[in-house]
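Starting from the known structure of chain A, fit chain B onto it as the hints suggest.
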Amino acid sequence: MELNNLYQSLNLILPEIVLSISLVVLVLADLIFHKDKRLIPYIAGIGIAITGAFVINQFNVSGFGFQSSTQTMRNYGLIAVDSFGVFFKLIVIASSILIVFFSSSSGEINKIKGRIGEYYALIYGMILGMFFMIIATDLILIYLSLELLSLSSYVLAGFTKLRDRNSEASLKYLLYGAVSSGIMLFGISIIYGITGSTNLYIINSLIQGPHINLFTLSFSVILILVGIGYKISSAPFHFWTPDVYEGAPITITAFLSVASKAAGFALLIRFVKTTFVSYIDAEGVWALINVFDWQSILIAISILTMTLGNFSALWQNNLKRMLAYSSIAHAGYILLGLVVFTNQGLLAILIYFVFYLLMNLGAFLVVMLIANKTNSEEIDDYDGLGYTSPLIGVSFAIFLISLTGLPPTAGFIGKLYLFIALVDAKMIVVAVIALLNSVVSLYYYVRVLKHMYLTKATDYTPQIIPSFGNKILLLILVIPILVFGIYFEPIINLAKNSLVILGL
Amino acid sequence: MMGFPILTFITFLPVLGMILILFLKKEQTNTIKYTTLIITALQVVLAIILLANYNYSAAGVYEEKSFQFIEKFRWIEISGISWLGTVKIDYFLGVDGLSMPMVLLTALISFIATISSWNINHSLKGYFALFLLLDTGMMGVFVALDFFLFYIFWELMLLPMYFLIGIWGGPRKEYAAIKFFIYTLFGSIFILLVMIGLYFSATETLADGTKVFTFNILQLMNSSNYTSDGLLSPLNPNNLRFIAYLALFVGFAIKIPMFPFHTWLPDAHVEAPTPISVILAGVLLKMGTYGILRISYPIFPDITRDLMWWIALFGMINIIYGAFVALAQKDFKKLIAYSSVSHMGYVLLGMASLTTAGVNGAIFQMFNHGTITAMLFLIVGVVYDRTHTRGIDDFGGLATQMPAYTGFVTVAFFAAIGLPGMSGFISEALVFVGAFGVESIRILTILSTLGILLGAGYMLWTLQRIFFGPLNGKWSSLKDLEFREYAMLIPLSIIIIFLGVYPSAMLDIMNTSVNSLVNFLHTNFTATTISGF
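Here the protein sequences line up with chains A and B, keeping their order. The first sequence runs contiguously to residue 508 in my numbering. The second sequence runs contiguously to residue 549 in my numbering.
Pulled out of the complex, with its shape left as it was, chain A reads as follows (with noise of 0.2 Å):
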């Protein structure tokens, strides 16, 4: 019985295995080929691609794995894989195939090509931490990913060591990362000192009882958020974010800004759910366990978050600090989808991750590419881009487009969706304020294509003519937008058929 559990239970991390295991060849390949490394990066996509077909050969996999000896019967283990999981497994791996995409014409990263394989060991590194904060369903597990995640993009945020700014962001988010990270696991014992398990789902039954002291868990449970809140850098656990994000090489910051958000999100929606949801009804309405007002802190956190993201970024000439600012403020777009706590919120928090990889990607593409010729991301280096790089102008247009959340492209239709969710869920007010924020996001947007397009080109204005290779990664990003601004049938779909969180 036992060693049956466990073989399953291998079957069920067999992607994280996969990784695991290219990591170690990954390393290997490093050593033996120290002298040359430009096979490294192609074993590092490969190595990746080999790990995403292993997730979605799981797309209808589901169980949990790592049941203890005493509770096999029932049902909860340590990870649980579904759909859900599977969902953003995808969205990782999608936005790591293209980091390392962009770590190949990467300017800063081609500087320190001798360090490269320890660059990539550490991206499988961050990977693997994602990957289990998708799946995990045990606190320590949930702490023991955050931490290798954590520990793998400290490292990364300082990597190139080219500016002093690497290191301060490498510093800075290694103290925020570690106070909060404290924090959350005091929060965690604490949980465990009330209920005596740190699996969720034996929390979950245990304080649906009546012996539960109500202000000790909620006190907790807002310990762990800070931990969350930190990972998807949500106010007011925001402020790493723009000096980590301007700081650290620009391949780290958009994995960062898209995958390690990702993983943050999972994890938040994945714990809210499992251990505090305790029906759900035929509308799709999240029934919560009556704990602690989840609702009001949730909605003043993302207004708090998209504004405070949205009224700094205003402010920015630095563009990979205005792209943190802006990506502070998608967090709190996202958030809305959790606090109306319904089906319908998730699926549009589902659908809104595909789309924000994808013009989030594109923009901190876009800028690096321009960094490689200009090696500035001051916006008054953009001056007249527009005119002498067509295509990068054109591209960058449309992502920032997609980003304010206009059709007919795909950024509107993840906002759509997001407002439906409250507009079913009757939250009319919170939409207004968040449609005006998108309003306030229009500016600093508009601002950049200002600057590309409004001031004329000179003689000094560099010419950007990105490779082959760089073109084809551009297209690969605009062409979706503007097809699923249009016709965005697929994604609904498949969103609609990863909402399967087990547990319920």
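These are calculated hints, taken from the structure and not from any lab test. Given the structure is predicted, the values throughout are model-derived calculations rather than measurements. What you were told as hints is all true, and nothing was included just to trick you.
Restraint ranges, calculated between C-beta atoms of paired labels, are given here:
| hint | chain 1 | residue 1 | chain 2 | residue 2 | range |
| --- | --- | --- | --- | --- | --- |
| 1 | A | 319 | B | 517 | 58 to 68 Å |
| 2 | B | 191 | A | 466 | 23 to 33 Å |
| 3 | A | 300 | B | 322 | 29 to 39 Å |
For every residue, glycine included, the Cβ atom is placed at its ideal position computed from N, Cα and C.
Using the frame of chain A, we list chain B on its own:
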């Protein structure tokens, strides 16, 4: 004509042209210009074909089967699961008497604006590509009958307009462009919210009998389609229809632009290049009033009846405020911009009357204002091209130097004043006849007539300051009109005079639909029709 998707062609032809242009080289300036000219000319031809096949006795408005040139097929269909109903969105185009005049106007003004764009002198490729994209957005708004599709077209225009003002505009173009963009986006978020609210309030019964939520504008006009607990359902005693109506109205009013949301207009007009001013005044402003007639009115007849006095009040404020501010202008283009504010007030006043004469007058005024103001902006463009100034006091005595030009100016000015024999007279008269007949807004109507007087004042005074009196010595070498300018001004003058003499040509197109709309507004969503089932 059956089977040929003429509305799709007339809407997406410009996009086709845009793609063609993107494949041309930057240096092929003439090819780019002629491609655009041919595309917009084809659009005019298609519009004439539409008119030739138009059935004058079909009403449309709320009845799908009497819409004409219908194209309808399923665009998005997402099968439902337990808690999520089927999602379906239709690609649904069609015209009736409300939209037909606007389709004709859009085709005509786009063509004229293309000719007017001939002397755009830099970044031609980008200019004409954006221009054509804008054209598609405008045409799409007037033919879409699905709210979602309508919204996409509505928003599609923002970005091209931003660039067209921002890149090819005057000295303060950046400010004007972003102001336009933020203002209109601010308006459209309200439209979006109401759209989502309506979606969850009404269902459409499909052929197989299932009920699904709908964006179909015509289905939303049917009070029996509303669910009992929808946010915007009249059956729900706690419904938010009143607030939704105001939100939607603000969204459209910004585009009109209605006082106090008009402040973007003078900036946009003054900074925009001439052809874009022509498009802006000629077509874009009409989208606001068209949206009210097509969406706000028939979906919310109950609120419309309650608020008609307020709409008339804002109409009156627009008329008088716009006229007074125009009177004080020293910049020729700004004067025309404020006269636009004043003239769009007549449209609001006519609409507010909820009578056949008033609404007919309003739509006719929309068309006439489109042609007349387009002509006025072209006129400003002509003199600005030659002198690079627009200060009214910088001129004087141009009549002797440019007699042909002065002739056209006189036609346009008199039409704007509303002189009998010109199209503007008929529409303003109809508006006043309609509005005066309604007791509750009679006082407002009487006050609004002051606008005619003021209009005559600022127009004639301008005419005098620019064209009469002694010739300013600086301008003694100005050339009169050239061929391209004749090509723009003659067709517009002919239309203005023709419709002044024979207004039935346009009124007959809209009359059946307007009758049906007015009747619908007075008899639907009343206490009896709502509680009656």
